[in-house]
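Given these sequences and hints, build the entire structure.
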Amino acid sequence: MAHQEVLRLGEEAPSADMIALQETVASCMQCGTCTGSCPVAWAMDYTPRAIMRLIEAGMEEAVLGSQTIWVCASCYSCAVRCPRDIEITDVMTRLRNLAIKKGYRPRADVAFYRGFMDIVRRYGRMFEPELMIRYGLAVNPLKLLGQAPIGLAMLRRGKLAFKPDRIKGQREVREIFDRLEGGRE
Amino acid sequence: MRYAYYPGCSLQATAREYDSSLRAVCQRLGMELPVVEDWNCCGATPASTIDPLLALALAARDLVAVERQGLTMMTPCPACYKNMRKANKALKDQSLRRQVNEILGGMGLQGSPEVRHPLDIIVNDVGLDNIPVEKPLAGLKVACYYGCLITRPRDGFDSPENPQSMDRLVEALGAEAVPFPYKTKCCGGAVFLPKAEVALELTSKVLASAKAAGANCVAVGCPFCHLLLDMYQGKVEAHTGMTFDLPIFYFSQLMGLAMGVDEKELELERLAVSPAPLLKAFAWR
Chain A
53 MAHQEVLRLG EEAPSADMIA LQETVASCMQ CGTCTGSCPV AWAMDYTPRA IMRLIEAGME
113 EAVLGSQTIW VCASCYSCAV RCPRDIEITD VMTRLRNLAI KKGYRPRADV AFYRGFMDIV
173 RRYGRMFEPE LMIRYGLAVN PLKLLGQAPI GLAMLRRGKL AFKPDRIKGQ REVREIFDRL
233 EGGRE
Chain B
1433 MRYAYYPGCS LQATAREYDS SLRAVCQRLG MELPVVEDWN CCGATPASTI DPLLALALAA
1493 RDLVAVERQG LTMMTPCPAC YKNMRKANKA LKDQSLRRQV NEILGGMGLQ GSPEVRHPLD
1553 IIVNDVGLDN IPVEKPLAGL KVACYYGCLI TRPRDGFDSP ENPQSMDRLV EALGAEAVPF
1613 PYKTKCCGGA VFLPKAEVAL ELTSKVLASA KAAGANCVAV GCPFCHLLLD MYQGKVEAHT
1673 GMTFDLPIFY FSQLMGLAMG VDEKELELER LAVSPAPLLK AFAWR
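For the protein sequence lines, the chains are A and B, in the order given.
My numbering puts the first residue of the first sequence at 53, with every later residue one more than the last.
My numbering puts the first residue of the second sequence at 1433, with every later residue one more than the last.
Calculated from the structure, these hints are not laboratory results.
These figures come from a predicted structure and were not determined experimentally.
Certain hints may be false.
Reference listing, derived: stretches of chain B covered by chain A, where coverage requires no fewer than 3 residues with Cβ under 8 Å from a Cβ of chain A [as the list claims (entries may be wrong)]: (1) 1469-1476; (2) 1483-1497; (3) 1620-1627; (4) 1661-1669; (5) 1691-1705.
Ideal Cβ positions, reconstructed from N, Cα and C, are used throughout, including at glycine.
Have a look at this one:
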C-alpha cells in the first residue's frame, strides 16, 4: 500500500505558493552555509537556514510573519555559497512578494517599497527627496528630523535634485504598472 | 569603442561625481557613450519585492532601447547592473518573455543585449596597460571595496569571494591595493532606510576593516556603498565611537587623478569626507 505518513508542523495544508517554494528549497540539506555567510543573520528572528526548514515544514505564518524576510539585504552572499545552488536571496524576495500579497504588512518596510515604486510609476525615475519625506511621514516624522543634517549635507554638495526628472515615456511606464494591476485583480 | 550608457537614477543625484568622473575618464580612453534613449528606473530592490514581473518589465523596457542601439550596455550602478542581468537571464524563458512583452504593450524585447559594469570594460576591454597614467598615485593605500552586486549573483566578470579587478586597476594607477577582508561584505545599502541601524552596523565593519588593513582611502564602484561609507561616515562614527576619517573615492575618480584629468571634472568637492588633506600630502598633485 502506497501510504505515506507526512509530518506536518504547519497549521493547515500549505498554499500553492508555499508548495512552489517547497519545491525550490527541496534540496536544502540544512548545512547552514547561508546563515554562516549572512551579514545580517544577527538582526533576524529566524536565520536563513531556519527559514529554509520552516518552508519545508510548511509553516507559512511563521515564515511570512518573520522579520527575517525584511532584514535580508539582498546581498547574495548565501546564494553564491549554497552547495545545493539554491537561489536563497530570490527565495527571500518571493517570500516578501507573498507576505505583501497575503496581508502580512510590516508598516515601515512596505511604506518604503511602495513609496519607492509610486515615485517610479509617476516619473519613470527615482526622486530621492520625495521618497525620504514620504517614508519619514509614513513611519516616524521625528526620525525624519534626524535625517535633516544628512539631507543638508547632500544639498550643499549638489546631490539632491530639486524636482523630479520626468522621462518622455512616463505614460509607457504608467501603463506597465496598470497592466500588471489589471492582470492581478 | 561604443557602449550604450545607462547611468541609473543615483548617478543623477547622490552619485553625480561618479557620473562625471566616469564620463571624463571614458572619453580620455577613447570610448563613446551614447545614453540609452529615455531610460527608466530599473526598479532597484523595491520592484521585485512588490512584484517580480514589474521588475522584469521595467528592466526590459530599457533593454529594448539598448537593443535598438545595437550596443552593449554599460551601467555603473551595481543595482541596475544586477537587475538587467537578472532580467536577461529570466527572459530566456520564452513564455515569461511573451508575458513581459505583453506587459510592455507590444514593444518587444527580441534578444538579450549584453550588460556590463564599467570596471569590467576598463579592465578587460580597454586593458590596464592602455590607461595613460600621467601622475602615478604613489602613497595612496587603497582598500578596494566591491560590495555585493559588482560580483554577485554568480556568473559575473570577477570572483564573488575574492575579486581582483579593482585591486589590479588601482595598482596600475600607481597606488597600493591593501588586502582587505571585507571587500565583498555588504554595506546594507538596500535596507538603509527601513533598517537604518542594520546598515550602520554593517558599514562600520567595512570601514573598521579598511582602517585595520592600513588603508588611507577606499575605492568603490557603487552609489549605495558610497552613500553609506562616505555620506554616512560621520553617523557611523557617532554610532560606534570609532574614528575612521577615510576618504571614499569612486574608482573612476582615482583613474581621473592618475590620468591627469582636470579635477573639476572629477567633482572631488562633492565627497563628504574631504580627500584634500590626503591628496595634499603627495607631490604629484
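Against the structure, the hints come out as follows:
no.	hint	in the structure
1	1469-1476	holds (count 6)
2	1483-1497	holds (count 7)
3	1620-1627	holds (count 7)
4	1661-1669	holds (count 3)
5	1691-1705	holds (count 4)
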